[in-house]
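*Asks:* Listed here are the chains, written in short residue letters.
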Amino acid sequence: MILLDRVTKSYSKKSDSAALDRISLHIEPKEFVIIVGPSGAGKSTLLKLLTREEKPTSGKIIVGGIDYEQLKDKDIPRLRRRIGVVFQDFKLLPNKTVFENVAFALEIIGISTKEIRHTVPRVLDIVGLKGKEKNMPLELSGGERQRVAIARAIVRQPKILIADEPTGNLDPKHAWDVIRVLEKINRYGTTVLLTTHNQDIVNKLKRRVITFENGKIAGDHSGGSYKV
Amino acid sequence: MNRKLTTLWRIFLSGTNNFVRNAWLSAAAMAVMIITLTIVLFSVIANATFSYTVQQIRDKIDISVYLKDDVTEPQRADLTAGLKKIGNVKSIGYISKEEALKNYIEQNKDNIDLQLAISETDNPLPASLDVKVYNPDQIEPIKTYLEKPDILELQSDQTSYSGDRKEAIDKIAKATSFIRQAGVVGVIVFAFISVLIIFNTIQMAIFNRRDELSIMRLLGAGKWYIRGPFLVESWLIGVASAVVSVVLCNAVFSVANSTLNASSFGLLDITYASNYFAGHFWMIVLSQLGIGMVIGVGSSFVATQRYLRIKDGK
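So the protein sequences, as listed, match chains A and B.
In terms of the working numbering, the first sequence opens at residue 1 and continues consecutively.
In terms of the working numbering, the second sequence opens at residue 1001 and continues consecutively.
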């Protein structure tokens, strides 16, 4: 599903300051992978490379059969439509309701209003937000907002869901609500890539854990754990 | 409805919403655009009207050759033939003594004193040749011909060259050329200001919505899905401005025609100008819409090109 072969990303020309240094990684379809590591270890850079917000300095990236080297600028929106992304700061549109925020992801790809009316409530139900359709994001708790963001990310049924520290701004209860939703989505067959600092979540989930340090992979263990 | 049509419709709706939501910004852009379009429209109409006025006066320019009473018909025919050989002569009409008297009475029918004076005497008016020319600026060869001694002998009076009219024509021609140039300069200046203001309006709209735009990009919105609403917004500014400018001009002509009851304003023949406006109404509406849309969409296109650089990776 996701393949990285000796991928390096440097923001400056000095070779010793690479954000990612010759990373090789293979993630199978339907896997739930947790990426951990201190700030600046290269987790966010990796996700930005996968969503093609950044281009690698060298190395090969293949996601869902798409070789990023062959990818043209005009194909990038289409790539992003195949990957669901959840951000730490939610990135919801404040002037749109919960329903409209989720519907927005479908509108931009030209899905009909009828289909949107049918699909969005179902997805809101999956993330546990039934009945909150008409609420504005500011009327919701942090956990609920993050679940709206997840609903928006999965409404197009992507094969891959990238969650970049989705629990970073949440209290433990709400953080676990979000994690439970991610597990549910994974059970439906979506590959989930989760970055987090939360030791408790990592240790309780018992999933594959990839540890990043100084732009390199320091550990890759199934059912792994994490110590800060 | 297929996906492309749905998307196009959503882009249009989104642009319309933005236009309404940014009402004040849109109003500022529209104000300048209306001024630009109104100047364009007035320049075109004034130009057409002045050209018409000049042509009208030029057409009236003629040379009257007054003949002595004893000029015979063959002599008159020779004189006519001689004049016709000159290239600039368009037509030659003959006005007999009787016709001249008739015209005189007709022209002065309200002045009883003049009518009495003329009826008391025998017809004092001479017969004349009415020479019309193609180009009133080149009457020298005609003048030279008429001043030949044998030709002068046939003439009873000083030939009339409508000199004062020629001066008027020169004045109008100068005014027309000045107004035309001023119009062109005005249009260029205001078009430039319009472009700048619309450019800034769109730039501010992009700035205000930068978070939304970045989210759209991350969700995989295409370049045109992001750019489209801004183009629709400025297209609407162009269309609305064109409509307002045509309505404004229409109102100005209505007021000038009815309330002021004026037929001319200085050198501007208002009757002709409003007839021109009415006669070319749809052409004017279409060209105003065209200019408005080109200025609006053009500047927005450049602004979005410049400020909507979609970060697709470095």
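Be a bit skeptical, because a hint or two may be false.
Using 30 Å as the maximum straight-line C-alpha spacing, the simulated DSBU-like pairs for lysine-lysine come out as follows [unchecked claim]:
(1) A:Lys48 to B:Lys1148
(2) A:Lys159 to B:Lys1004
(3) B:Lys1085 to A:Lys159
For each label pair, taking beta carbons as the anchor points, the in silico distance ranges come out as [unchecked claim]:
(4) B:Ser1214 to A:Pro29: 26 to 34 Å
(5) B:Ser1214 to A:Ser12: 21 to 29 Å
(6) B:Trp1009 to A:Lys96: 27 to 35 Å
(7) B:Ser1214 to A:Glu115: 20 to 28 Å
(8) A:Ser24 to B:Val1239: 51 to 59 Å
Listing some non-contacts, in silico: residues in chain B with all C-beta distances to chain A over 12 Å [stated by the list, open to error]:
(9) Trp1009
(10) Ala1028
(11) Gln1155
(12) Val1189
To be clear, the hints were calculated from the coordinates, so they are not data collected in a lab.
Cβ atoms here follow ideal geometry from the backbone N, Cα and C, with glycine treated the same way.
*Asks:* With reference to the structure, classify each hint as holding or not holding.
*Replies:* The hints, checked one at a time:
Restraint check for A:Lys48 and B:Lys1148: not satisfied, since their Cα atoms lie roughly 98 Å apart, outside the 30 Å limit. Taken as a hint, the A:Lys159 and B:Lys1004 pair is honoured in the structure, with Cα atoms around 24 Å apart against an allowance of 30 Å. The suggested pairing of B:Lys1085 with A:Lys159 is violated, with an alpha-carbon distance near 94 Å, which exceeds 30 Å. For the pair B:Ser1214 and A:Pro29, the supplied restraint of 26 to 34 Å holds, since their beta-carbon distance comes to about 29 Å.
Taking 21 to 29 Å as the suggested C-beta distance range, the pair B:Ser1214 and A:Ser12 conforms, at roughly 24 Å. In this structure the supplied range 27 to 35 Å is violated for B:Trp1009 paired with A:Lys96, their Cβ-Cβ distance being about 18 Å. A beta carbon spacing of about 26 Å between B:Ser1214 and A:Glu115 agrees with the range 20 to 28 Å that was offered as a hint. For the pair A:Ser24 and B:Val1239, the supplied restraint of 51 to 59 Å holds, since their beta-carbon distance comes to about 57 Å.
Taking the minimum C-beta to C-beta distance to chain A, about 10 Å, the non-interface status of B:Trp1009 is violated against the 12 Å cut. For B:Ala1028, the non-interface assignment is confirmed: its Cβ lies about 22 Å from the closest Cβ of chain A, beyond the 12 Å cut-off. Even its closest Cβ contact with chain A, about 85 Å, leaves B:Gln1155 beyond 12 Å, as expected for a residue assigned away from the interface. For B:Val1189, the shortest C-beta to C-beta distance to chain A comes to about 38 Å, beyond the 12 Å cut-off, and the non-interface label holds.
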